[in-house]
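**Student:** One-letter residues, chain by chain:
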Amino acid sequence: MELSELWFVLIAVVFIGFFFLEGFDFGVGMATRFLARGQTERTVMVNTIGPFWDANEVWLLTGGGAIFAAFPHWYATMFSGYYIPLLAVLLCLIGRGVSFEFRRKVDNPKWTKIWDWVIFFGSLLPPFLLGVLFTSMLKGMPIQDDMNMRAGFTDFINVYSLWGGLTVTLLCFLHGLYFLSLKTVDDIRKRASQLAKKVIVAVLGALVVLVVLSYFMTDIFEVRLIPEIALVVLIVLAYGLSWYFNTKQREGLAFTMSGLGLAATISAIFVGLFPRVMISSISKAFDLTVYNASSGAYSLKIMTIVALTVLPFVLGYTIWSYYVFRKRVSEKEHLTY
Amino acid sequence: MDQVLLARIQFASTTIFHFFFVPLSIGLVFMVALMETMYVRKGNELYKKMAKFWGHLFLINFAVGVVTGIIQEFQFGMNWSDYSRFVGDVFGAPLAIEALLAFFMESTFIGLWIFGWERLSKKLHLACIWLVSIGTILSGFWILSANSFMQVPVGFEMNKGRAEMNDFFALITNGQLLVEFPHVLTGALCTGAFFVAGISAYNLLKKKHVEFYKASMKLAIVIGLIGSIGTALSGHTQAQYLVKTQPMKMAAAEGIWKDTPDPAPWSALAIIDTMKKENKFEIEIPYAMSFLAYSKFEGGLKGMETLQKEYSVKYDSVVGKGTNYIPPVKTTYWSFRLMIGFGVAMILLALVGAYLWRKNALDRSRLFLKLLLPAISFPFLANTFGWVMTEIGRQPWSVFGLMTTADAVSPNVSSGTILFSIIMYMLIFTILAGVMIYLLVREIKKGPEMKHHSNDKISTDPFNKVGA
Chain A
1 MELSELWFVL IAVVFIGFFF LEGFDFGVGM ATRFLARGQT ERTVMVNTIG
51 PFWDANEVWL LTGGGAIFAA FPHWYATMFS GYYIPLLAVL LCLIGRGVSF
101 EFRRKVDNPK WTKIWDWVIF FGSLLPPFLL GVLFTSMLKG MPIQDDMNMR
151 AGFTDFINVY SLWGGLTVTL LCFLHGLYFL SLKTVDDIRK RASQLAKKVI
201 VAVLGALVVL VVLSYFMTDI FEVRLIPEIA LVVLIVLAYG LSWYFNTKQR
251 EGLAFTMSGL GLAATISAIF VGLFPRVMIS SISKAFDLTV YNASSGAYSL
301 KIMTIVALTV LPFVLGYTIW SYYVFRKRVS EKEHLTY
Chain W
1001 MDQVLLARIQ FASTTIFHFF FVPLSIGLVF MVALMETMYV RKGNELYKKM
1051 AKFWGHLFLI NFAVGVVTGI IQEFQFGMNW SDYSRFVGDV FGAPLAIEAL
1101 LAFFMESTFI GLWIFGWERL SKKLHLACIW LVSIGTILSG FWILSANSFM
1151 QVPVGFEMNK GRAEMNDFFA LITNGQLLVE FPHVLTGALC TGAFFVAGIS
1201 AYNLLKKKHV EFYKASMKLA IVIGLIGSIG TALSGHTQAQ YLVKTQPMKM
1251 AAAEGIWKDT PDPAPWSALA IIDTMKKENK FEIEIPYAMS FLAYSKFEGG
1301 LKGMETLQKE YSVKYDSVVG KGTNYIPPVK TTYWSFRLMI GFGVAMILLA
1351 LVGAYLWRKN ALDRSRLFLK LLLPAISFPF LANTFGWVMT EIGRQPWSVF
1401 GLMTTADAVS PNVSSGTILF SIIMYMLIFT ILAGVMIYLL VREIKKGPEM
1451 KHHSNDKIST DPFNKVGA
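So the sequences go chain by chain: A and W.
Oh and the first sequence: position 220 is 220 in the numbering used here, straight run, nothing missing.
In the numbering used here, each residue's number is its place in the second sequence (first place is 1) plus 1000.
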């Protein structure tokens, strides 16, 4: 395997990590409106992700940085091409990030209410926009022979990309509900689990439609038929099992399965892309691939050494922090955020 | 307006805004870590209160710093895609490493620190804040190694019109980095120190929590002294390095049009006429420029006119005939002087503080305490002017000698799009700045937690009344 291929895999892994982790805190953010009854419950919910959301977001930054370092052309084409959607993601993440810190710095329910709305929209829109971004990438964007993408409104927003955005949002919402049922007590815990039983129906429906749309709108089943079918089976299986475990009140397993489902979904996108990193809708000759968009061999070697040395430590202390805050969160204790 | 100008305005405004919070975070968390260390070692509750109170202020600032930092990582690709294609090979690596090595560490351990007061042992909790502090410093190292490459490109070779990394070690031992990193770091210590000093002074003037703020002030004086003197020394080294590596920037920063006599005088003040390429009125200090440039009282410097000719011979093949290599002189000249001015003021204040401390008169000299209030802004101003000088002084280059700023911009992004994003950022920055200042003032007025009940937070929780 060439190093540029390895880096494609590593970047996929980072985005899987991002959706697995930030996915649930986006979902919890959505649940602050769709599940919470009143401010006290919102406070409990926000505190379940309190110690984690910041580090979860770093996975996105690491993904961006890794694309920049390993595939400068991919980074340049994607970030300049998706200017407005990424601007919107940035504004959401900015608002959301400070809101966690600010929401209870003033003892006034009105103050908290404002920031809680920011948390809600800041958690709802980024998964939607990133879903739009990834699915439209899969469908192909107008990339010209100078590697630059000059896209119009319908390139970004069409049935396929909107459905992709909706699906990713639903996956994150479900993931967040499982996380809440795992991390809260009593009433919230029960209601999170009950709502998840309804949302999973929507998730499975959305996924089926997305698969059908992908068959018609993209070439992923042409270029990678067997792996894509295997992944679709895995996705359905994972969400089916999460449904089952949820009905049996095995919250940890339900959460794990929805995480697996998210991971398989992101994998399906990356497997469908490979070896392309950006698909040109104008001509196959203008595709950016892991071979023509990558950094030099030396740079990739250095990055590989650094990443493989540092990543185990990152995973180690990340797991430790989840272990430290393994207890369920309830309103009876002191809540920081 | 054209894209280049708009993209530059956006880069300048977002980085300057971001860099209000970065040095304060680096400096303040280091001081909070010291406070908690004193608490853990001596068991004195006063230090715990200090760590908590200043930690609160740090967190408000840190949150804004983190979120405004995300923009920076996206911005290179969004506005400067040709730059990213050209140097991504070299420049992307430090950014990715920064995320892997520093951002994960900062964000994970800050979570553990905020939420872990009751869940972790004292020593483990202390280790968390130190890891956050180390994380912020590492983050500075990696981003500055990327910036240093733009000032003094090393460790690369040109391949098919792109700069490709061929020596990672050269990149992280770049001479520019070795002078720039200490300068930024000591500047950050100043920022933390004068922030703590100013707020302590305000409260000492009001005679509130005297013991608490006196102890805070003492730490601030120590750090302020180290920071301000360290900034001057590292700045001096950096200037000497600049004379060797980017002589045009130095000549512009000193307003030197024609080659200086040997020994060279230092221009303290000048009225610069960039059209006629001369200084109309100038106050000069004899020998001083030679000393600044070479640490001895001899040696002349080349002027901008000579350098323009030299650069033309060297770089016209890269960027085309007739390029003007002289950066905006007035901006470079005045931002350099303002940075030095505020830096010197900080050294003087720190020295006076140390003197008053020895005389045991820290809370009695009202003039000194009053001076410390506006001095909160000094490091912020010095940091900003320093960066303005560094980045404006490098123009017309984005990467010195390799790529101009005009060639670096995204060709597929319209000026309307950039303008729209600038407006959005400015809108959100205004709100953030307003909210942050409001919250900081509130926290400062509230003061340190002086009650002795550990569960008093719960009884003041307003949501117990609202909810359930």
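Hints listed in this document are in silico derivations from the structure and should not be mistaken for laboratory results.
Remember, predicted model here, so these are calculated numbers, not experimental data.
Think of the CB as a built atom: it goes at the ideal place given N, C-alpha and C, for glycine as much as any other residue.
Mixed in with the good hints there might be a few duds.
Claimed, not checked - With a cut-off of at most 27 Å between alpha-carbon atoms, the simulated DSSO-like pairs for lysine-lysine come out as follows: (1) W/1122 / A/105; (2) W/1446 / A/110; (3) W/1276 / W/1296; (4) W/1302 / A/327; (5) W/1302 / W/1049.
Stated by the list, open to error - To be clear about the criterion: a stretch of chain A counts as covered by chain W if any three or more of its residues have a C-beta under 8 Å from a C-beta of chain W, and this derived list gives those stretches: (6) 23–36; (7) 290–300.
**Student:** Given the hint that residue 1302 of chain W pairs with residue 327 of chain A, test it: the Cα-Cα distance must not exceed 27 Å.
**Tutor:** 67 Å, violated
**Student:** Under the criterion that the straight-line Cα-Cα distance not exceed 27 Å, is the pair residue 1276 of chain W, residue 1296 of chain W satisfied?
**Tutor:** Given that 27 Å is the threshold and the Cα spacing comes to 32 Å, the pair is violated.
**Student:** Verify the coverage statement for the segment 23–36 of chain A against chain W, using a C-beta to C-beta distance below 8 Å and requiring 3 or more qualifying residues.
**Tutor:** violated (count 0)
**Student:** Hint check: residue 1302 of chain W vs residue 1049 of chain W, CA-CA at most 27 Å. Holds or violated?
**Tutor:** Status violated; Cα separation ~55 Å.
**Student:** Assess, step by step, whether the Cα of residue 1446 of chain W is no farther than 27 Å from the Cα of residue 110 of chain A, and give holds or violated.
**Tutor:** 20 Å, holds
**Student:** Counting residues of the segment 290–300 of chain A that have a beta-carbon nearer than 8 Å to any beta-carbon of chain W, does the count reach 3?
**Tutor:** With 4 residues closer than 8 Å to chain W, the segment 290–300 of chain A meets the three-residue bar; holds.
**Student:** Checking one constraint from the list: CA of residue 1122 of chain W to CA of residue 105 of chain A, max 27 Å. Satisfied?
**Tutor:** Since the Cα atoms of residue 1122 of chain W and residue 105 of chain A sit roughly 25 Å apart, the hinted pair holds (cutoff 27 Å).
Checked against the numbered hints given earlier, the structure breaks hints 3, 4, 5, 6 and satisfies all the rest.
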